[in-house]
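Chains as they are written, first to last, in the working numbering: chain A, 11 to 277; chain B, 63 to 287.
Please keep in mind that the hints were generated in silico from the structure rather than gathered at the bench. Because the structure is a prediction, the values reported are computed rather than measured. Quick reminder that beta carbons are idealized off the backbone N, C-alpha and C, glycines included. Keep in mind that a hint or two might mislead.
Some chain B residues close to chain A (C-beta under 7 Å, calculated; not the full set) [what the hints assert, rightly or not]:
{"#": "1", "residue": "D125"}
{"#": "2", "residue": "F151"}
{"#": "3", "residue": "M154"}
{"#": "4", "residue": "F158"}
{"#": "5", "residue": "A192"}
{"#": "6", "residue": "M199"}
{"#": "7", "residue": "R234"}
Here are the in silico distance ranges between beta carbons for each label pair [unchecked claim]:
{"#": "8", "chain 1": "B", "residue 1": "D189", "chain 2": "A", "residue 2": "A269", "range": "25 to 31 Å"}
{"#": "9", "chain 1": "A", "residue 1": "S245", "chain 2": "B", "residue 2": "S251", "range": "55 to 61 Å"}
{"#": "10", "chain 1": "A", "residue 1": "S148", "chain 2": "B", "residue 2": "M140", "range": "22 to 28 Å"}
{"#": "11", "chain 1": "A", "residue 1": "E72", "chain 2": "B", "residue 2": "G253", "range": "50 to 56 Å"}
{"#": "12", "chain 1": "A", "residue 1": "A269", "chain 2": "B", "residue 2": "K217", "range": "17 to 23 Å"}
{"#": "13", "chain 1": "B", "residue 1": "P117", "chain 2": "A", "residue 2": "D241", "range": "30 to 36 Å"}
{"#": "14", "chain 1": "A", "residue 1": "G138", "chain 2": "B", "residue 2": "Y145", "range": "37 to 43 Å"}
{"#": "15", "chain 1": "B", "residue 1": "D120", "chain 2": "A", "residue 2": "E216", "range": "39 to 45 Å"}
{"#": "16", "chain 1": "B", "residue 1": "D281", "chain 2": "A", "residue 2": "E247", "range": "58 to 64 Å"}
{"#": "17", "chain 1": "A", "residue 1": "E247", "chain 2": "B", "residue 2": "E65", "range": "46 to 52 Å"}
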Amino acid sequence: MRDKVVTAAEALAEVRDGALVAFNFWGPGTPLHLMRALQERGVKDLTICTNNYTLRADVLREQGAVDAAILLPQTRKIIVAFSGVQQEDSSASVEIARRVQEGTLEIENVSHGLFIERLHAGAMHLGGIYSPIGIGTSLENGKEKRVINGVEYLFQEPIVPDLGLINAAKADTLGNLVCHGTARAANPVIAMASRYTVAEVFEVVEPGGLDPDTIVIPASFVDRIVRIPDDDPYSRERRVEQTLRSVKYRLEKMAEAEAEAAQGGGA
Amino acid sequence: MKEKLTEELVAMRAAKELVPGDYCNLGIGIPLNCAAYAAEGVLLESENGVLGYGPVHDRESLDENIERVDWDIADAGMRYLEYVPGMSFFDMLTSFAMIRSGRLISILGGLQVSEKGDAAIHSTSKDDIASKIGGSMDLSWGAKRLIVTMTHCSKDGSPKIVRELTMPVTTRGRVNLIVTDMAVIEVTSSGLVLKEFAPGWTPEEIQEQTEATLTIAPDVREMEF
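Isolated chain B (complex conformation):
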C-alpha cells in the first residue's frame, strides 16, 4: 500500500493557496492546521467574531497559564487565542456579513464532494436529531473561493469524490478546489480537473480511487509543499 499524505502536508498544500492580503476562515479538522503554514499577511477569521488571529494557547498547558490567557478571547472551536497586533473583535452579525460577502476564502473539511462542486460538509447522515450546520452553509455559499480539504477516501476505502452526493448537502456548486491526501483537483464548469498528484502516485491510480471522472490537466504535476 502506498503512503498517502499526512494531514499536515494536506494543510501545507492548501495553505499555499493563500497570499498576503487574503482573508480566510478555516474549518474544523485539517483546515485548522493551515494556520501554521499560511503566509504572513493573511488575516484569519473565526465565525464567533474575530479577524486577524494568530497563535492559540496550548490546551495541554492552559492551567499553568491562567494569568496569561484572556478567557474572553477564543475562536469558534473554543481554542483560546493569543493577542496579536492587528486583530479585531466584532459581533456575529458583522461576522456573517463578512462571511456572506465574498471577502473571505473558506477552507473547510469535507465528507463528500461531487463533480458539480456540491459538498457535504456538516453531517454524514440525514438522521441527525439536530443541526450540525453551524456556519458551514454560510461559509461555503459566501466564500470568495471555497477550498475543501479532506482524505481522498473514507476510512472504509470508499471514494469521497463522487458523481452525486449521498450525504446531506451543505452547498451546491460552490467548491472551487479540492485538496486531498492524494491530489489537488479543480472544479470547473466542465467537470473535475486533476492538477496535481501526491508524490509516488500516478493520475491513473488517483482516478481508480475517485468515483467521479477526472480530466487530467495537460500540465499535471507532482504536489509541492
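Just chain A, with the same shape it has in the complex:
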C-alpha cells in the first residue's frame, strides 16, 4: 500500500489547470498550509469553491496571513456564500472588482446552506437537489423552479470538487482524521464530495493511536495526508500569532473609525 503521508508539494503534484478546488475557510480548520502550496504549485484557471472568501488586509498579508485571494491570479471562478471582497484595506478587493468587470472572473453566489448541501449532493452522487433557499431572492435567476407538495423549490446542481483541501487536528497514517472544536465546519463534507482529498494535520500517529469512537473523517475519504512542519508559517503556534495580529489590527481599525466618527460629530 502506498504511504499516504507526503509533503504538500507531492500531494498537489498532479493537480491540473482548470480544477474545481474546494476548501473550508472559517478560522479554525482552514487548510492554510495547503492553500499556500496550491499557490506555489502554480496551476491556473481554477474554480474556487469556499464557504467564505474574506480578505485579509494588505499589511497582514505582507506578514504571511493567508486568504483565498492568494490564489486570485490562478482563479477564473469563485463559488462562495459569504464574501468580504469590498474592502478598502485590501488590494485584492480592487483586483476582484476589475477582473469581474473585464469578464475574466466569474462569481457564483450561494448561501452557506446551499454551499454545504450541494457538496453533500456531490458526495452522495445525486443528480441535483431541490432546495427552498433563495425563493423570492436574486438566487432564483436562471434556476428551474418547482412546486412540490405546495412548497416552492429551486433546482441546484451538485458540486463535485476535483480537489478538496481540508484541515484536521490529527491523522493516523491510514488517513483517519480527528477534528477539534469548531474546526470541523465544511471539512468532513468536502472530504466526502471531492474526487481527491488532501488533509493537512498538525500531528500524525500510527494506526491504533486514535480512538475509533472519535474519528470524524474515515480514511477512505482521505487520499493524502500532509503533516504541517513545526517550523511552517502555518504551524499551530504561528497561526495563533497570525490571529493575534489580525485581531489587534481590527481593534485598531475600529478605534480609528470611532475616533473619526467622534471628530466628525464635533465638526
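With the hints as your guide, set chain B onto chain A.
Frame of chain A; chain B shown alone:
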C-alpha cells in the same frame, strides 16, 4: 429630539422572547448582544458548528490569555469561545440541518422589513460584487421564529419598516417579530401590529417614522426590559 433605545436595551428586550429550553442563533450586530441577557437554559448556536456556547474571550486581552484560549473554538464571527458544560461541536452539514429544521429561533439584524414579513438582511445594494448572504437565507427560512432587531430608521432618518423592500431580498414572508429602538411590532397575516412602544414615545409618533401602516394592538403598552 426624543431618546431612542440603546442597542443594549433593544437586545435586552429581544432576549426576553427566549425561554429556557429554546435553541437560538444570534446574528451579527445587535443580536449578538442578546447572549448576555438570554435566560439560563437557552442554548445558543453558531453556524460554523457549535451549540450551547456561553461567554466569549475578550478580544482586547486575547494576547494576555494565549494559554487560556482554545484557538480551535470560535463562533461564526471569529469570537473565541470559553468552554462551558453542555456545549457540542459538529460540522456544517449538521449545523445547517439544524438551522433549516425549525428547531432554532433566529434573531437577526435587519436592514429593511416589509409589512408582509419580507426582510433584507444581508446587503444594502444589488451591486455587490459577491455574496454577503452567508447563513442569513437559511437562518431566516428555517427558523422556528424569526425575530429581527434593528434601529427603527436608518442613519439618514428614512424608515426601515416599509411597504415593499427596496434592498435585496433575504427572505419572503418569514419575519414574526420586529424589535427596534422605538417599538415591538408583530407581523401577522393582516399586517403589522404595534404591540409595545419605547418609554417616552406614543404609537402615533412611531407610525410617523414607519412607512408601512401599523395596527395598534388593543393592549399596546410600554416596553419592559
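Do the hints match the structure? See the list:
no.	hint	in the structure
1	D125	holds, 5 Å
2	F151	holds, 6 Å
3	M154	holds, 5 Å
4	F158	holds, 4 Å
5	A192	holds, 4 Å
6	M199	holds, 4 Å
7	R234	holds, 4 Å
8	D189(B) <-> A269(A): 25 to 31 Å	holds, 30 Å
9	S245(A) <-> S251(B): 55 to 61 Å	holds, 57 Å
10	S148(A) <-> M140(B): 22 to 28 Å	holds, 27 Å
11	E72(A) <-> G253(B): 50 to 56 Å	holds, 54 Å
12	A269(A) <-> K217(B): 17 to 23 Å	holds, 18 Å
13	P117(B) <-> D241(A): 30 to 36 Å	holds, 34 Å
14	G138(A) <-> Y145(B): 37 to 43 Å	holds, 41 Å
15	D120(B) <-> E216(A): 39 to 45 Å	holds, 40 Å
16	D281(B) <-> E247(A): 58 to 64 Å	holds, 59 Å
17	E247(A) <-> E65(B): 46 to 52 Å	holds, 49 Å
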